[in-house]
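Following the hints, position chains H and F against chain U.
Protein chains in written order, with my numbering: chain U, 11 to 289; chain H, 184 to 525; chain F, 124 to 389.
Accuracy of the hints is not assured; some may be wrong.
To be verified - Per label pair, the in silico range of CB-to-CB distance: (1) Glu378/H x Pro286/U: 51 to 57 Å; (2) Pro286/U x Glu259/F: 51 to 57 Å; (3) Gln304/F x Lys260/H: 21 to 27 Å; (4) Lys275/F x Pro286/U: 42 to 48 Å; (5) Ser228/F x Gly205/H: 56 to 62 Å; (6) Gln304/F x Asn369/H: 51 to 57 Å; (7) Thr205/U x Pro408/H: 36 to 42 Å; (8) Phe50/U x Gln304/F: 28 to 34 Å; (9) Tyr81/U x Gly217/H: 57 to 63 Å; (10) Asn303/F x Lys152/U: 46 to 52 Å; (11) Lys260/H x Lys275/F: 39 to 45 Å.
Hint data in this document are derived by calculation from the structure and do not stem from the laboratory.
The beta carbon of each residue, even a glycine, is placed where N, CA and C say it ideally should be.
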Amino acid sequence: MSNQNIYIPYLMRIEKITLEAPGVKTFRLKFENEQDAETFSFKAGQFGEYSIMGVGESTFCIASSPTRKEYIECTFRQAGKVTSALALAEEGDIVGFRGPYGNIFPIDEWKGKNLLFIAGGIALPPMRCVIWNALDLRENFKDITIVYGAKSVEDLVYKDELAEWRSRPDVKLVTTVDPGGETPDWKGEVGFVPTILEKTAPSAENTIAIVCGPPIMIKFTFPVLEKLGFMEENIFTTLENRMKCGFGKCGRCNVGEVYVCKDGPVFSYQQLKLLPAEY
Amino acid sequence: MQTENYLIRKSSLEKLFGNLIGNGKIVYAPKAKGNLALFDKVQAFGEITEDYIVTANSAKSVTFPRTEKLFSYHKSKESTEITDAANNTFPDVILWGTRPCDAAAFIPLTETFNGDFQDIIYNKRREKVLILSFSCKRSDEYCFCTSVNSGPGNTAGSDVQFTKLSDGDYLAEVITEKGQLLVKENCNLFEAKPEEDKEPNLAIVATRFNQEEIQAKLQNLFENPVWDDKSRACLGCGSCSYVCPVCSCFDIQDEAHGNKGTRLRCWDSCGYGLFTMHTSGHNPRNTQGGRWRQRILHKFLYMPNKSKVAGCVGCGRCSRSCPADINILDTLTSLQEEKPNE
Amino acid sequence: MNELIQKATILLESNSVQVVIGYGKGSANRTRAIFITQAADCEKLIFDSRCIQNLAVYLTKQEIKKLGKPAIVAPIPVLRSIVQLAAENQIAENDLVVLGVTPESELVEFESFAAIETFLSTHRIEIEGKYQKTIEMIKSMPVSERFAYWVKELEPCFKCYACRSACPLCYCTRCTVENNQPQWISVASHPLGNLEWHVMRAMHLAGRCTDCEACYNACPMGIPIHLLTKSMLQDVAENFGTYGPSLDKLNALSSFKPDDKESFIR
Numbered sequence: 011m012s013n014q015n016i017y018i019p020y021l022m023r024i025e026k027i028t029l030e031a032p033g034v035k036t037f038r039l040k041f042e043n044e045q046d047a048e049t050f051s052f053k054a055g056q057f058g059e060y061s062i063m064g065v066g067e068s069t070f071c072i073a074s075s076p077t078r079k080e081y082i083e084c085t086f087r088q089a090g091k092v093t094s095a096l097a098l099a100e101e102g103d104i105v106g107f108r109g110p111y112g113n114i115f116p117i118d119e120w121k122g123k124n125l126l127f128i129a130g131g132i133a134l135p136p137m138r139c140v141i142w143n144a145l146d147l148r149e150n151f152k153d154i155t156i157v158y159g160a161k162s163v164e165d166l167v168y169k170d171e172l173a174e175w176r177s178r179p180d181v182k183l184v185t186t187v188d189p190g191g192e193t194p195d196w197k198g199e200v201g202f203v204p205t206i207l208e209k210t211a212p213s214a215e216n217t218i219a220i221v222c223g224p225p226i227m228i229k230f231t232f233p234v235l236e237k238l239g240f241m242e243e244n245i246f247t248t249l250e251n252r253m254k255c256g257f258g259k260c261g262r263c264n265v266g267e268v269y270v271c272k273d274g275p276v277f278s279y280q281q282l283k284l285l286p287a288e289y
Numbered sequence: 184m185q186t187e188n189y190l191i192r193k194s195s196l197e198k199l200f201g202n203l204i205g206n207g208k209i210v211y212a213p214k215a216k217g218n219l220a221l222f223d224k225v226q227a228f229g230e231i232t233e234d235y236i237v238t239a240n241s242a243k244s245v246t247f248p249r250t251e252k253l254f255s256y257h258k259s260k261e262s263t264e265i266t267d268a269a270n271n272t273f274p275d276v277i278l279w280g281t282r283p284c285d286a287a288a289f290i291p292l293t294e295t296f297n298g299d300f301q302d303i304i305y306n307k308r309r310e311k312v313l314i315l316s317f318s319c320k321r322s323d324e325y326c327f328c329t330s331v332n333s334g335p336g337n338t339a340g341s342d343v344q345f346t347k348l349s350d351g352d353y354l355a356e357v358i359t360e361k362g363q364l365l366v367k368e369n370c371n372l373f374e375a376k377p378e379e380d381k382e383p384n385l386a387i388v389a390t391r392f393n394q395e396e397i398q399a400k401l402q403n404l405f406e407n408p409v410w411d412d413k414s415r416a417c418l419g420c421g422s423c424s425y426v427c428p429v430c431s432c433f434d435i436q437d438e439a440h441g442n443k444g445t446r447l448r449c450w451d452s453c454g455y456g457l458f459t460m461h462t463s464g465h466n467p468r469n470t471q472g473g474r475w476r477q478r479i480l481h482k483f484l485y486m487p488n489k490s491k492v493a494g495c496v497g498c499g500r501c502s503r504s505c506p507a508d509i510n511i512l513d514t515l516t517s518l519q520e521e522k523p524n525e
Numbered sequence: 124m125n126e127l128i129q130k131a132t133i134l135l136e137s138n139s140v141q142v143v144i145g146y147g148k149g150s151a152n153r154t155r156a157i158f159i160t161q162a163a164d165c166e167k168l169i170f171d172s173r174c175i176q177n178l179a180v181y182l183t184k185q186e187i188k189k190l191g192k193p194a195i196v197a198p199i200p201v202l203r204s205i206v207q208l209a210a211e212n213q214i215a216e217n218d219l220v221v222l223g224v225t226p227e228s229e230l231v232e233f234e235s236f237a238a239i240e241t242f243l244s245t246h247r248i249e250i251e252g253k254y255q256k257t258i259e260m261i262k263s264m265p266v267s268e269r270f271a272y273w274v275k276e277l278e279p280c281f282k283c284y285a286c287r288s289a290c291p292l293c294y295c296t297r298c299t300v301e302n303n304q305p306q307w308i309s310v311a312s313h314p315l316g317n318l319e320w321h322v323m324r325a326m327h328l329a330g331r332c333t334d335c336e337a338c339y340n341a342c343p344m345g346i347p348i349h350l351l352t353k354s355m356l357q358d359v360a361e362n363f364g365t366y367g368p369s370l371d372k373l374n375a376l377s378s379f380k381p382d383d384k385e386s387f388i389r
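The shape of chain U in the complex, shown without the other chains (with noise of 0.2 Å):
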């Protein structure tokens, strides 16, 4: 039997606040206590409970890269009542976090293959763990492609990431707006996700699709995806359902058998496929 408890959270110290986009913020946390910081370990594509004493948890993936081993970020959208509370927090406050939790992008499998990254709005931090985590293993991929689009200019997240990205030559970003997101100076895309990306995909030929969004964009992605012949076992999405536990308790993120928290979040179209439409 275990000893410890598995709903006591670590403490973090919000080192770094970013305010990425209206309504979204990237906290950097570091750990109170040391020990904590040397043990503790994840893989991209996993998540955990963010939260305020006093306020409660909420659920998101890891934003930062594992590769990046001081600290942890993590990107929310002021939503609901714990995410308000954190959109309060101030550098220097503290907060709590359970985690990892959850299955990881099979990154290891993907060494000597093309990446193609799709992402849609405030989808792109879950990405973003594993973008880095490329990026930080670059000579193990070839061509990286990255096909990121939100509501309006405004709305993308990471600003100065994507202005990295697009000025590193092994990289290749698309950037695009919702018609109507545009502003004048806008010089990338206009047009929502999966137009854009049929437009702008590189061959389907040894590539691997990740994408991530809001679940509309998802249903009308993975079409376009297999339209240009990518394998079904080729895509992989990331999951977000409802969760309070993180590790298969709590009983609600569950599609058909699996559980998001603990089966997933990370699942390939294949395995997605066989499972029923409760996501």
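Just chains H and F now, kept in the frame of chain U:
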């Protein structure tokens, strides 16, 4: 261990109760309330009723309280202190008068709180519970324990099981070492095993379906009109889940009092419309039919697929307590007749 | 009730309604709500003294609304709920056929919600003597004793919200307990959380409750929560002079009149 059988006289049963209470143990037993019997703390033997098929509430709250502290915290500007509730001393609890179904329910419940992630608070509570079940002499049309690999005299999960014999004395079957200890501590009350057999003293509960068959069928019945049909009257409350001895869904909630507070685990129910709703408003299970399907599939497909134990012990409480008379047996017996989708 | 079956059959056959909400055979000796969409199934309808569930609760449920225009079997408590739901603009006259059932088990049809109201004027809500006595007994307790009484009575409550779900007037899709910014009511089921929930529920029903006892009948733990709403019914009558549902009545606690009593301010 090998089951040990004893006789305990009717009069000794009360003495046994007296010894337990005298030792400062907390005893939960069925207590009459109006037309219902409820599991509740009892102080005196006279408070216990014998007139019940099963109690309205289950006994699960002794290991999985409806509201339970996970930890408390104390915040200051500089730091936050956490006090782990798992370090608390949990009380010795005796469940007196559970039915075999209730005792058996602790097996899947304990399974849920273990596996890859072990819930130490649950386990610490569970260790301290002694289960003294009373086999069933009566059943009603809601009972279906025999359809889920249990029965009116099933001893699984019990530490000691008592069966009332024709002369009013009891057969005591000692199932576990915990039960053995109880006998040892009260050895003057337990006599050599009776001649009379247990079986004739048990209720007869007809088998209504075959659990393994249902499990096999459910594999391909996700899309089926039965879910909407059988749940049409469902009001979307959590009564079925909360009276269920196996249901274990929960919510995690904080309560603050100034700079101090607690993180709590509270019962929750898959019957609630908001249970799975995303903050965005998107809801993957947005109809009552979908939620009823989840309840059945969880118990009869997902749980037995994962851990070999079904999430239902056939106590029938959910049906008895449903304000809309949604009857789980209705659904299960009609599933029996369904042809799975190809 | 042959008359009821005949009427329901005609309504479905003529496609005047698409579903009949009524009572059918249930488990053990119970009856349950049934939703008949085929005329041939109308013979499953029954009506007798066991039919106590308030069917009006289904008029606002999305799953039932999807079935089309309903006819509803409506004994007195259901009729009262219909009038109150109409007063709160939750149902429209043209979207519903009411198959009234009198206390003598006679079928009575209504041309309008106003006709139901007129009918109900001869069937007024009366709080039974036994409840009156209990309520008086509780009200006469000193505050601390009364508080202890309710803490004890509400102790078995585990917040399954069956009371809320069974109540035709608790039709909000998002209840106050589920609004968490701010968190008005504690989610937890502990003495304070239980008290907050039941006080809030009673207050939200004050001046709206039609005394059908659906909440009490639904409670799996047998908690006498209907005493709270019954007491509220009396208080509202004493303070605002209304008792029971009416189409043109403003709900006592959500409306203001210059001559409203202020004696509650202490």
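Quick rundown of the hints versus the structure:
1. Glu378/H x Pro286/U: 51 to 57 Å: holds, 56 Å
2. Pro286/U x Glu259/F: 51 to 57 Å: holds, 56 Å
3. Gln304/F x Lys260/H: 21 to 27 Å: holds, 24 Å
4. Lys275/F x Pro286/U: 42 to 48 Å: holds, 45 Å
5. Ser228/F x Gly205/H: 56 to 62 Å: With a Cβ separation near 58 Å, Ser228/F and Gly205/H satisfy 56 to 62 Å, so the hint holds.
6. Gln304/F x Asn369/H: 51 to 57 Å: Holds, at about 55 Å.
7. Thr205/U x Pro408/H: 36 to 42 Å: holds, 37 Å
8. Phe50/U x Gln304/F: 28 to 34 Å: The hinted range 28 to 34 Å holds for Phe50/U and Gln304/F, with Cβ atoms some 32 Å apart.
9. Tyr81/U x Gly217/H: 57 to 63 Å: At roughly 59 Å between Cβ atoms, Gly217/H and Tyr81/U fall inside 57 to 63 Å, so the hint holds.
10. Asn303/F x Lys152/U: 46 to 52 Å: holds, 47 Å
11. Lys260/H x Lys275/F: 39 to 45 Å: For Lys275/F against Lys260/H, whose Cβ atoms are near 41 Å apart, the range 39 to 45 Å holds.
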